[in-house]
Structures are given as structure tokens and as C-alpha cells.
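Asks: These protein sequences, in sequence, are chains D and S. The opening position of the first sequence corresponds to residue 252 in our numbering, with each subsequent residue numbered one higher. The opening position of the second sequence corresponds to residue 252 in our numbering, with each subsequent residue numbered one higher.
It cannot be assumed that every hint is accurate.
One copy or two, either will do: identical chains are not told apart, so a pair holds if it fits within one copy or between any two.
Stated by the list, open to error - Calculated cross-link-like contacts (lysine-lysine; reagent style DSS-like; alpha-carbon spacing at most 25 Å):
hint: 1; residue 1: Lys366; residue 2: Lys402
hint: 2; residue 1: Lys402; residue 2: Lys346
hint: 3; residue 1: Lys365; residue 2: Lys320
hint: 4; residue 1: Lys402; residue 2: Lys320
None of these hints come from the bench; they were simulated from the model.
Residues per chain are reported as follows:
Protein chains: 2
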Amino acid sequence: MKLKSGLAAVLAVAFSGAVVGASTPGPSHGIDYPTGWQEWGTIAVSHRTDNNTLRVILGNDVAIEAARKGRTNPWPDGAILGKVVWKDTELADWKAATAPGRFVHAEFMFRDSKKYAATHGWGWARWVGLEQQPFQKGPQVCIGCHMPVAKRNWVFTDPAALPGRPVK
Amino acid sequence: MKLKSGLAAVLAVAFSGAVVGASTPGPSHGIDYPTGWQEWGTIAVSHRTDNNTLRVILGNDVAIEAARKGRTNPWPDGAILGKVVWKDTELADWKAATAPGRFVHAEFMFRDSKKYAATHGWGWARWVGLEQQPFQKGPQVCIGCHMPVAKRNWVFTDPAALPGRPVK
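Chain D extracted, bound-state conformation:
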């Protein structure tokens, strides 16, 4: 891959920083908190009408590269997918639109086909609420819900179509 510019690097570093003094949430299911996920790239979005939530699916750099290249069944080891969930709410100035309301949780799938062989090659974790309380009810809660997509490497959403990323 080509490098775009040094400026991009400087900016990226500046904004990979974070709220000074905040502490990192503890692990969920023994998995460390994926610091910095708020600035990850976007893979897809979704809207669930059964529980009225809007979601964005983010990915770390390994996941983003895999998504852009279509290498998603299986996803490569090292990929982390993040699903960020809000209750939906009516947009005040456009009644036919829904937008994010209350933040619900951020949940993550960590791909490591060896380390997580016992849980289908993925580590499953979730941090709840704006305070990011670690979810500890067990990966089976996550896996149970993902059963319909066992043949899709356990991932519901396809990467959204995006234009190629042109170089200046």
C-alpha cells in the first residue's frame, strides 16, 4: 500500500489519543478492552426493528483491510469487529428518520482461530453503557444469538459497498 502523507500520520496519532485521565474498563470474558475503538473505520450499519436499535459495525485495521478485500469467510486472525448499539429515536427535524438515542453497549468479536478455537475461532466480549461495564455472562450468550450465521464465520453483516479509495 502507498502512504498518503505524513500529515495523515500526524493527525491519526493525535486523534488516537483519548480522554486524559480516564481509566480503561476491565476485561469481559477475560478479553482486554480494545482501547481506541471509537476511532476505528466503518464496515457497515444496521437497524433492528425488533428491539429498536441502530448499530454501526466498526473494525480494527486488520478487519478493515479484510473487509475492503472481501476476505471475510473466514475473517483473518487479528481482526476485531465492534458493534456499537444505540436505542433509536425519531429525528426531530425529519420525522421519517431515526437516529441514535441512548447508548446501549459496544460488543466485539476478536478473531483468533487457535486461541479461541473452543468458541468457534472468536473471542466474544461486550462492554455495557457509557460507563463500559464488562459483560460477564459468558460467550454462549453471544454465540447463541449468532447461531444463524455459523456458516458466515459467525458474522451477520456483510461489509457495506464502498467506492475504491482513490489516491491523490
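Could you slot chain S onto chain D? The hints should help.
Replies: Frame of chain D; chain S shown alone:
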């Protein structure tokens, strides 16, 4: 802001690269194509039921910082907001969910209170389809739709609530 690590910088640069050999789309309304927007951070998502589209609202680094700090009325000069739009489609394995279907367009608001004073302090641009054809029908097409949010600095969607970004 604190720097997280050199590794983050290296990865960020690697993935600010792009499809080698692709050419940059031409300007829309005289505004240059905002190369690299596909990797920008997420500000919000939305779902319009009047035209069945799912959207993610992205921001360049200036916009992301402003969103995280609540400085959005007005947004600071230099902020660029990107709205990426897909037709929605039913998720095959979860019938009560909609996910991105056909890519429609990516549209952008470029904040510069002086340069774009004649168009309410924003430059308005859009690139259509996966081929990213520049939209040239005039900023009034964009502004007309955004009239309901003139008092919100012309922006519909509030930044979605996100947990603080803890530092390791």
C-alpha cells in the same frame, strides 16, 4: 492529547493508503474530493424510512474532535462531515434487521465560515455511485433539504453518545 503508541501511527498510515492506481474523482461544486473519507471516524448513523436508506455520518479529524467535545453549533472551520448512503435491504439471517444494500452516494459538508459565507458557512458537495461521479446540480439542492436545521448549523444528526475514550 497524549499519543497512544507508535504502532497506531504506523497502522494508521498503512491504511490511509488506498487502491493503487485508482484516480481521484473530479470536484463537485468546485470542491475537491475528500480523499480517504472511507477511513474517517464515525459520528452517527441514521435510517430514513421515507426513501429506505441507511446512513453513516463520518467526520474528518477536525469534525471528530468537535463532535467528541460537543462543539457543533457552529462546527469549527476545517470540519468536514460525510454522509454515506445505502439503500436498505433485509438482513437474510435476521428478518427484523435492515442492512446496507446498494451504495447510493457520499455527500459532504465542508465548514469554512468565510470561504463559504454565501452558502451558510458550508461547502456542499456530493459524489454519486460507486464510480463517484461529481454532483453538479448546485448547492441549493443540498441547502433546500437542510432548511429545517438552519438553526442547528445546518446539520441534522447530533453526534451519537459514545463512551469516553480511555487511555491504557
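Asks: Hints numbered earlier in the text: which of these fail when held up against the supplied structure?
Replies: Of the numbered hints, all hold.
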